[in-house]
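Residue numbers (the working numbering), protein chains in the order written: chain A, 1 to 141; chain B, 142 to 556.
I should point out that these hints are in silico values taken from the structure, not numbers from a laboratory. Yeah, the Cβ is synthetic: ideal placement off N, Cα and C, and Gly gets one too. Don't take each hint at face value.
Mimicking DSBU-like on lysine-lysine, the simulated pairs with C-alpha atoms at most 35 Å apart in a straight line are [to be verified]:
#	chain 1	residue 1	chain 2	residue 2
1	A	7	B	497
2	B	181	A	7
3	B	511	A	119
4	B	554	A	7
5	B	230	B	264
6	B	465	B	369
7	B	318	B	214
8	A	136	B	509
9	B	289	B	497
10	B	511	A	136
11	B	497	B	161
12	B	266	A	119
13	A	73	B	501
14	B	488	A	73
15	A	33	B	161
16	B	181	A	73
17	A	136	B	501
18	B	511	A	23
19	A	7	B	506
20	A	73	B	506
21	A	73	A	125
22	B	509	A	33
23	A	125	B	497
24	B	214	B	236
Just a few of them, taken from the derived set where beta-carbon distance is under 8 Å, the chain A residues facing chain B [what the hints assert, rightly or not]:
#	residue
25	6
26	7
27	22
28	29
29	34
30	39
31	40
32	47
So these bits of chain A aren't anywhere near chain B, every CB distance computed over 12 Å [said to hold, decoys possible]:
#	residue
33	17
34	66
35	85
36	125
37	130
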Amino acid sequence: MNEGFLKRYSFNIAANDFMSAGKGSSSIKNILKSMGIDATVIRKIAIVSYEAEMNIVIHSLGGELHCDLYDNKIIILSEDAGPGIEDLNLALTEGYSTAPESIRELGFGAGMGLPNMMKYSDDFKITTGRDGTVIKITFLM
Amino acid sequence: MNFSIMFDKEKCKGCTNCMKRCPTQAIRLIDGKAFINNLKCIHCGECIKVCPYNAYTPESIEWYEEMHFSSYKYKIAVLSTPLYGQFPKGTDICKVQNAVLKLGFDYVYDASWAAEMVSRAIKKKINEEKNIRPFISTNCPAAVRLIKNRYPSLMDNLILLKEPMVIAAMTAKERAKAKFNYKDEEIGVFYISPCPAKLLAVTDPVGDYVPYVDWVIPLNTIYGQIYKEIIKGDDKLCLYPSLNGLKWAVSGGQSESADLTNYIAVNGMENIIQILDEIENGNLSNVDFVETLACVQGCVGGTFNVINPFIAQSNINYVLSNTKDSELNEELEEFEGMYDEGIFKFKLNPDENPGKFSMKEAIIKREKIKEIYDVLPGLDCGSCGAPTCYAHAEDVYNNDSALYECVVLRASKKE
Chain A
1 MNEGFLKRYS FNIAANDFMS AGKGSSSIKN ILKSMGIDAT VIRKIAIVSY EAEMNIVIHS
61 LGGELHCDLY DNKIIILSED AGPGIEDLNL ALTEGYSTAP ESIRELGFGA GMGLPNMMKY
121 SDDFKITTGR DGTVIKITFL M
Chain B
142 MNFSIMFDKE KCKGCTNCMK RCPTQAIRLI DGKAFINNLK CIHCGECIKV CPYNAYTPES
202 IEWYEEMHFS SYKYKIAVLS TPLYGQFPKG TDICKVQNAV LKLGFDYVYD ASWAAEMVSR
262 AIKKKINEEK NIRPFISTNC PAAVRLIKNR YPSLMDNLIL LKEPMVIAAM TAKERAKAKF
322 NYKDEEIGVF YISPCPAKLL AVTDPVGDYV PYVDWVIPLN TIYGQIYKEI IKGDDKLCLY
382 PSLNGLKWAV SGGQSESADL TNYIAVNGME NIIQILDEIE NGNLSNVDFV ETLACVQGCV
442 GGTFNVINPF IAQSNINYVL SNTKDSELNE ELEEFEGMYD EGIFKFKLNP DENPGKFSMK
502 EAIIKREKIK EIYDVLPGLD CGSCGAPTCY AHAEDVYNND SALYECVVLR ASKKE
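Starting from the given sequences, assemble the full structure and let the hints guide the process.
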């Protein structure tokens with residue numbers, strides 16, 4: 001299962017903290033850049049991890065963002081403490097957003113989050129329930 | 142060839158100002174004196190601007206000799222768009238052109254016409270290629286190199302249109318060739334530059350194009366001579382500029398003159414870095430065009446300019462509202478044909494092969510640097526000769542510096 005696993009970098013993401021929002025994904029991006037990872041892969045990971053982080057900030061009670069490095073792949077793992085996505089199929093539809101109006105006015109939550117993540121990744125797995133949502137996004141090297 | 146930035150070791154006090162300001166961390170202090178790594182330098186000019194002791198100065202003796210003693214039969218000066226903002230408000234632009242001519246040129250060409258053409262090309266390309274958003278301007282060579290150096294994944298967003306300097310030089314040279322039957326090497330094109338990055342654009346272009354400019358002259362090195370001629374006030378010759386193209390002198394001018402509505406104009410290195418981060422996060426894919434200019438307020442804030450950027454901007458605005466808009470220039474009529482021929486577009490030069498990547502080795506390297514970093518105090522004071530503690534850790538790992546160059550560590554060791 002964990003064949004080829006080498007290293008994990010983890011970041012705590014606080015709910016509703018818009019001042020720090022984006023710092024976790026930004027750190028991931030900078031780590032990958034300093035390691036010399038291919039620019040095209042970094043671009044995809046930057047977009048996906050930023051979306052994942054913003055989802056935790058906007059929709060959840062807080063959570064963690066992990067970046068797992070393997071021999072030949074990178075996995076972004078987003079785990080939050082709930083309350084879960086009510087209608088997953090709808091959330092996977094482009095253009096749909098559950099973000100409240102007040103947050104959309106700030107320019108967040110255009111409703112492209114999950115479909116965008118799927119589009120940029122090589123593999124996308126999501127499980128959701130009242131206790132939280134786990135998203136596992138894989139990028140092959 | 143051309144000018145170079147001369148560094149006066151005697152003047153340098155090792156104050157760390159330039160090192161800390163450098164956006165690509167290309168500067169280190171070695172034995173208390175600044176040293177620039179040319180492989181990392183993007184010619185943005187921040188070090189020149191920030192140095193309190195004027196240790197960096199442009200030297201351009203060679204072009205001067207080239208102009209007066211060379212075998213060029215025809216010498217063309219290309220005027221950059223911010224030039225008219227460099228003289229007292231209300232200075233007649235015809236006098237500026239004549240003053241430059243009197244320095245020994247045969248012809249003066251105003252880059253604003255080329256700027257207007259590139260604006261049209263920007264608009265066309267944005268309308269034609271809707272799959273790339275946002276497009277990033279390729280006018281500022283320092284910004285383009287910042288992207289290459291720190292945001293390589295955004296190279297795909299560059300609009301890849303030649304800068305007005307190149308189009309202006311090409312147009313002026315081709316015209317002289319046709320008119321006087323000169324050969325290429327008999328015509329010298331001199332660009333009067335507001336910034337050091339234009340030199341890099343000429344000597345080491347990022348794309349597969351001929352820059353057409355033979356010499357780049359830093360404006361501040363000939364400012365006094367131009368000024369004296371302006372005071373004499375001879376205005377025989379006058380070529381009206383494109384007012385639309387002149388807007389390129391100021392941040393936002395590229396987009397305005399291309400008649401865009403959905404754009405971001407960002408200037409100043411720190412601001413550019415923030416916007417590039419946003420683009421990398423996928424946040425600005427609803428914006429058509431991003432103008433990134435390394436200098437504050439855009440090219441009016443260029444390192445080789447003499448006047449304060451905000452005053453220069455006001456001067457340019459004065460020219461824009463007090464100059465008669467001229468008839469369409471002949472080049473503009475040829476725009477469509479030139480665009481279809483592909484004259485404005487260019488392709489990026491291929492990167493050197495980075496070699497085989499090993500995740501395992503990359504992690505080991507990172508962890509070793511992290512180990513060194515964790516020992517350091519995290520003050521980013523610069524006393525070791527590196528701009529940040531992390532940069533010092535990297536230097537130690539690469540054997541370019543020693544751990545105990547850190548003054549804080551050295552002091553605690555003695556205790």
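Results for each hint:
Only pairs whose Cα atoms come within 35 Å are accepted, and residue 7/A paired with residue 497/B is accepted, the gap being roughly 20 Å. Taken as a hint, the residue 181/B and residue 7/A pair is honoured in the structure, with Cα atoms around 30 Å apart against an allowance of 35 Å. At most 35 Å may separate the alpha-carbon atoms for a hinted pair to count; residue 511/B and residue 119/A meet this at roughly 34 Å. Between the alpha carbons of residue 554/B and residue 7/A the distance comes to roughly 33 Å, so the proposed pair stays at or under 35 Å and holds.
The suggested pairing of residue 230/B with residue 264/B holds, with an alpha-carbon distance near 32 Å, which does not exceed 35 Å. This hinted pair checks out: residue 465/B and residue 369/B have alpha carbons roughly 26 Å apart, not beyond 35 Å. Proximity of residue 318/B to residue 214/B is assessed by CA-CA distance (about 11 Å); at most 35 Å being required, the pair is judged to hold. The suggested pairing of residue 136/A with residue 509/B holds, with an alpha-carbon distance near 29 Å, which does not exceed 35 Å.
Among the hinted pairs, residue 289/B with residue 497/B is consistent with the structure: their alpha-carbon atoms are about 20 Å apart, no more than 35 Å. With a C-alpha separation of about 27 Å, the suggested pair residue 511/B and residue 136/A falls inside the 35 Å cut-off, and the hint holds. Note on residue 497/B and residue 161/B: the hinted pairing holds, with a Cα-Cα distance of about 33 Å set against a maximum of 35 Å. At roughly 26 Å between alpha-carbon atoms, residue 266/B and residue 119/A fall within 35 Å of each other, so this suggested pair holds.
Of the supplied pair hints, the one linking residue 73/A and residue 501/B holds, its CA atoms being roughly 12 Å apart against a limit of 35 Å. A distance of roughly 31 Å separates the Cα atoms of residue 488/B and residue 73/A; the hinted pair therefore holds under the 35 Å criterion. Of the pairs offered as hints, the one joining residue 33/A and residue 161/B holds, with about 21 Å between alpha carbons and a cut-off of 35 Å not exceeded. Taken as a hint, the residue 181/B and residue 73/A pair is honoured in the structure, with Cα atoms around 30 Å apart against an allowance of 35 Å.
Distance hint between residue 136/A and residue 501/B is fulfilled; the C-alpha atoms sit about 22 Å from each other, no more than 35 Å. Of the pairs offered as hints, the one joining residue 511/B and residue 23/A holds, with about 19 Å between alpha carbons and a cut-off of 35 Å not exceeded. With a C-alpha separation of about 13 Å, the suggested pairing of residue 7/A with residue 506/B holds against the 35 Å cut-off. With a CA separation close to 18 Å, the supplied pair residue 73/A and residue 506/B stays within the 35 Å bound.
Under the criterion of a C-alpha separation no larger than 35 Å, the hint pairing residue 73/A with residue 125/A is consistent with the structure, at around 15 Å. Restraint check: the Cα-Cα separation between residue 509/B and residue 33/A comes to about 16 Å, which is no more than 35 Å; the hinted pair holds. Between residue 125/A and residue 497/B, the direct Cα distance comes to roughly 30 Å. Compliance with the 35 Å bound is thereby established for this hinted pair. A hinted pair counts as satisfied when its Cα atoms are at most 35 Å apart, and residue 214/B with residue 236/B qualifies at roughly 24 Å.
Given hint, residue 6/A at the interface with chain B, holds; its Cβ is 5 Å from that chain's nearest Cβ, closer than 8 Å. The beta carbon of residue 7/A comes within 5 Å of a beta carbon in chain B, closer than 8 Å, and the hint placing it at the interface holds. Checking residue 22/A against chain B by beta carbon gives a least distance of about 7 Å; that is within 8 Å, so the hint holds. For residue 29/A, the shortest C-beta to C-beta distance to chain B is roughly 7 Å, which falls under 8 Å, so the interface hint holds.
This hint holds: residue 34/A has a C-beta 7 Å from the nearest C-beta of chain B, less than the 8 Å allowed. Residue-level restraint check for residue 39/A holds (minimum Cβ-Cβ distance to chain B is 4 Å; threshold 8 Å). A distance limit of 8 Å between C-beta atoms decides the matter here; for residue 40/A the minimum to chain B is near 6 Å, and the interface restraint holds. A hinted interface residue such as residue 47/A counts as satisfied when its beta carbon comes closer than 8 Å to some beta carbon of chain B; here the least separation is about 4 Å, so the hint holds.
The claim that residue 17/A lies off the interface holds: its Cβ sits roughly 17 Å from the closest Cβ of chain B, which is beyond the 12 Å cut-off. The claim that residue 66/A lies off the interface holds: its Cβ sits roughly 15 Å from the closest Cβ of chain B, which is beyond the 12 Å cut-off. The Cβ of residue 85/A sits about 21 Å from the closest Cβ of chain B, beyond the 12 Å cut-off, so the non-interface label holds. Listed as a non-interface residue, residue 125/A keeps its Cβ farther than 12 Å from every Cβ of chain B; the least gap is roughly 21 Å.
Separation of residue 130/A from chain B is adequate, the least Cβ-Cβ distance of about 29 Å exceeding the 12 Å criterion.
No hint from the list above goes unmet by this structure.
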